[in-house]
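Those protein sequences? They're chains A and B, same order as listed. Going letter by letter, the first sequence gives residues -2 to 393 in my numbering. Going letter by letter, the second sequence gives residues -2 to 393 in my numbering.
It is worth saying that the hints were derived from the structure and are not from the lab. Here the structure is a predicted model, which means the values were calculated and not measured. Just so you know, even glycine gets a beta-carbon here, dropped at the ideal spot from N, CA and C. Please note that a few of the clues may not be correct.
[Unchecked claim] Simulated restraints, written as ranges between beta carbons of each label pair:
1. A:Asp261 / B:Ala284: 47 to 57 Å
2. A:Gln36 / B:Phe86: 47 to 57 Å
3. A:Gln11 / B:Glu343: 27 to 37 Å
4. B:Arg185 / A:Asp375: 46 to 56 Å
5. A:Gln323 / B:Glu390: 46 to 56 Å
[Stated by the list, open to error] Among the chain B residues that face chain A by a calculated CB cut under 8 Å, a handful are:
6. Arg4
7. Leu8
8. Asn9
9. Ser81
10. Arg84
11. Ser301
12. Tyr303
13. Leu317
14. Tyr319
15. Gln323
16. Asp324
17. Ala328
18. Thr364
19. Ala370
20. Gln374
21. Asp375
So you can see what is in the structure, the chains are spelled out below.
2 protein chains.
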Amino acid sequence: MKSTLLRNVRLNGQPESQDVLIEKGRITHISPAIAPPVQTEIVEGHHRLALPGFIDGHAHIDKSQWGMEWYVNEVSRDLPAIISNERDFRRHHEFDSQRQSERIARQAISMGTTHIRTHIDVDTEIGLRHVEGVLATKEKLAGQLYLETVCFPQSGLLGRPGTQQLMDDALGMGCDYVGGIDPSSFERDPVAHLDAIFALAGKHDKGVDIHLHEPGELGAFSVELITERTRRLGLKGRVTISHAFCLGEVDLPRQDALIRGLADMNIAIATTAPSNRPVPPYEKLRAAGIRVTAGNDGIRDTWSPYGNSDMLQRAMLMGLRYRWRQDREIAQALHAITQGGAEVMELEGYGLEPGCHADLVLVSGQTVAEIIANPPQDRAVFKAGKLVADRGECLF
Amino acid sequence: MKSTLLRNVRLNGQPESQDVLIEKGRITHISPAIAPPVQTEIVEGHHRLALPGFIDGHAHIDKSQWGMEWYVNEVSRDLPAIISNERDFRRHHEFDSQRQSERIARQAISMGTTHIRTHIDVDTEIGLRHVEGVLATKEKLAGQLYLETVCFPQSGLLGRPGTQQLMDDALGMGCDYVGGIDPSSFERDPVAHLDAIFALAGKHDKGVDIHLHEPGELGAFSVELITERTRRLGLKGRVTISHAFCLGEVDLPRQDALIRGLADMNIAIATTAPSNRPVPPYEKLRAAGIRVTAGNDGIRDTWSPYGNSDMLQRAMLMGLRYRWRQDREIAQALHAITQGGAEVMELEGYGLEPGCHADLVLVSGQTVAEIIANPPQDRAVFKAGKLVADRGECLF
């Protein structure tokens, strides 16, 4: 594997440019004016910002319709109706989850994403087709993208017999996490749902990542149940709650108590920073030592037409949602789409220090705040030191 | 002036392409396969969507730092602190409001904007410099952009003696509207502030456009005072309330009563659809017959670093904020950045029918919902039938 010398890049947006030497896929040396070893490819960075590869901590790449004919959305806002509409769509349309997950993953890579945690639908109608599709994409893109998988009972675990066995099978096939969904408002039996998914986690020695859209005190009750089970089953540090709108809705003493429980069990939070729902209190979570990742959620599917898989756009939306205007506030959005995700996914060797994997993005701009406030399209993306995308196009 | 024939464009996103004949700056004929008159320039539309030129109904082009060295924002979230910080910045930095308003106006044009209503700071420190700057830009870009101006007492009208006279002078110089700002929370005397700005409107026979950030019942009280003065002074149809967060905060019977008053006085609403504040209830306002425009507000200034003057991005943010996912819901965001603005600005001959000014944007996409959910960068912009921007670059 050839060595690469990146000349004149501004690491994490620092004002001064440096050179970065990459050998055997890792960063080995950072300083101004490095003398290149023989047979080293030299890439001029033109004083662009060098950022760690972006991490999408909550995605649904198995169901994106990216590149397909436009889906005309006519579904109501009701969660069960949206889920039922999606199953109905699948009954009447050919949908190749391998092809589609690859398409949206390539789009994500072209925008600078190097790591994705994706939830994959498992239900009694599609069975394990989406799991097979995404695992095939994972293998196919292994050199360009790290893909972490969560098998996800989107249509519910309790009401549709056979789903639990399918989840068990999905974990056997290699899914990394056990997914779950609103245990009270959607599943109608919080204890039965949570006990079932934590049992799967125990059986397969996997972590848990639960979709929790439940509002206010109902969601807070679910957070308590999740925290209790995490403690009881010894899963400290291996559980993520996705969305967790309720943390932004309950009153402050209640919020503080919930956060203490989450911190105590090292439970992570994944947020999409939605502009139309309450959001978990980012600064308070971080101050309590809680790991927080940001995600793009579904991109162009039967749920929602929005997005282009760009994590810088997600950082922008996060900044707008949290009303971050100071440069030092906006830097938190960069943390959420980089280091925050690495903490949640427990990535080894992530970052821009010597020894780290050379997963990085070069992007033009004056400061980190500028490229988040107005994300530029022109990016160069390196995975393990290899240029995998440039100017919005994948090179593989 | 040469005639132009646009071939194969999909008007307002209709599935079937048509041709559009433009003569003397106006659309004169729309149908499939028009035979071009002699000496007509033919532009192939490649079945792109043709949309009316975008309208930014609430901007601050006088204060944008677009193209300047990055401003590091360290200001707190408090409104008086932000305003004071801005005056302080101007004391210590050269700021050419003509140059800057032209820069951001060109950026807006490159993204498809053909009409802007902009608020212009007037205060006892900068005097009328920003008014002079923006009016010079208005004249300079008259062939490419319709610019409507609001003289705006950003630092307050009551607490800084001399401001009222400056506002009077600004109106005499040609500003189209009288601006105002939070009459209670910022100005500390709602009756005195509103009486002063309505008096200026009466004296100069101009309309009024008031920034109203006041929350809940305080804002609702201001809405009542504005509605009362609109009625008493015979300004029906000539008043806009910008932001009006309070309309999305009060309880429903109160909201209904306020909306009845607004509808009765034909008071318009301008919204930026902020993701971190309550928003006026778009569908209810429109159902009551109230005109609603969308705006980008300040772009890259000492207030906020966000944005790129793209009204399609604003439409996307509006769709996200209002949780519009159905195609027919998302179409409302297009209305807000086109016809809604035209209604608020009372534009003659706006739209895509024969007889209208040929102000339009060609953009690639399958449907209106697609180009709002993921705004493409590649656009061709026509003002009065003349190509003024293409692929993100102004051609003048």
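Cross-check of the supplied hints:
1. In this structure, Asp261 (chain A) and Ala284 (chain B) meet the distance hint of 47 to 57 Å, their C-beta atoms being roughly 49 Å apart.
2. Between Gln36 (chain A) and Phe86 (chain B) the beta carbons are some 51 Å apart, a value that agrees with the proposed interval 47 to 57 Å.
3. Separation of Gln11 (chain A) from Glu343 (chain B) is about 51 Å and departs from the stated range, judged on CB atoms against 27 to 37 Å.
4. Restraint check, Arg185 (chain B) to Asp375 (chain A): a C-beta distance of roughly 48 Å satisfies the suggested window 46 to 56 Å.
5. The hinted range of 46 to 56 Å is not satisfied by Gln323 (chain A) and Glu390 (chain B), whose Cβ atoms lie roughly 32 Å apart.
6. Taking 8 Å as the C-beta cut-off, the interface hint given for Arg4 (chain B) is violated, the closest approach to chain A being about 23 Å.
7. Interface hint at Leu8 (chain B): violated, since its Cβ lies 17 Å from the closest Cβ of chain A, which is beyond the 8 Å cut-off.
8. Using the Cβ-Cβ criterion of 8 Å, the hint placing Asn9 (chain B) at the interface with chain A is not satisfied: the shortest such distance is roughly 15 Å.
9. The interface hint given for Ser81 (chain B) is violated, since its Cβ lies 15 Å from the closest Cβ of chain A, which is over the 8 Å cut-off.
10. Here the hint on Arg84 (chain B) is broken, as its CB sits about 17 Å from the closest CB of chain A, past 8 Å.
11. Because the closest C-beta pair between Ser301 (chain B) and chain A is about 5 Å apart, less than 8 Å, the hint holds.
12. Contact between Tyr303 (chain B) and chain A, as hinted, is supported at the beta carbon level, the nearest pair being about 5 Å apart and thus within 8 Å.
13. Taking 8 Å as the C-beta contact cut-off toward chain A, the hint placing Leu317 (chain B) at the interface holds, the least distance being around 5 Å.
14. Of the supplied interface hints, the one on Tyr319 (chain B) holds, with its beta-carbon coming within about 7 Å of a beta-carbon of chain A, less than 8 Å.
15. Against a cut-off of 8 Å between C-beta atoms, the interface hint on Gln323 (chain B) holds, since the closest Cβ of chain A lies about 5 Å away.
16. The closest approach between the C-beta of Asp324 (chain B) and any C-beta of chain A is roughly 5 Å, which is under the 8 Å cut-off, so the hint is satisfied.
17. The interface hint given for Ala328 (chain B) is violated, since its Cβ lies 11 Å from the closest Cβ of chain A, which is over the 8 Å cut-off.
18. A distance limit of 8 Å between C-beta atoms decides the matter here; for Thr364 (chain B) the minimum to chain A is near 5 Å, and the interface restraint holds.
19. Interface restraint check for Ala370 (chain B): the shortest CB-CB distance to chain A comes to about 4 Å, inside 8 Å, so the restraint holds.
20. Contact between Gln374 (chain B) and chain A, as hinted, is supported at the beta carbon level, the nearest pair being about 6 Å apart and thus within 8 Å.
21. Against a cut-off of 8 Å between C-beta atoms, the interface hint on Asp375 (chain B) is violated, since the closest Cβ of chain A lies about 11 Å away.
Taken one by one, the earlier hints fail for this structure at numbers 3, 5, 6, 7, 8, 9, 10, 17 and 21, listed in ascending order.
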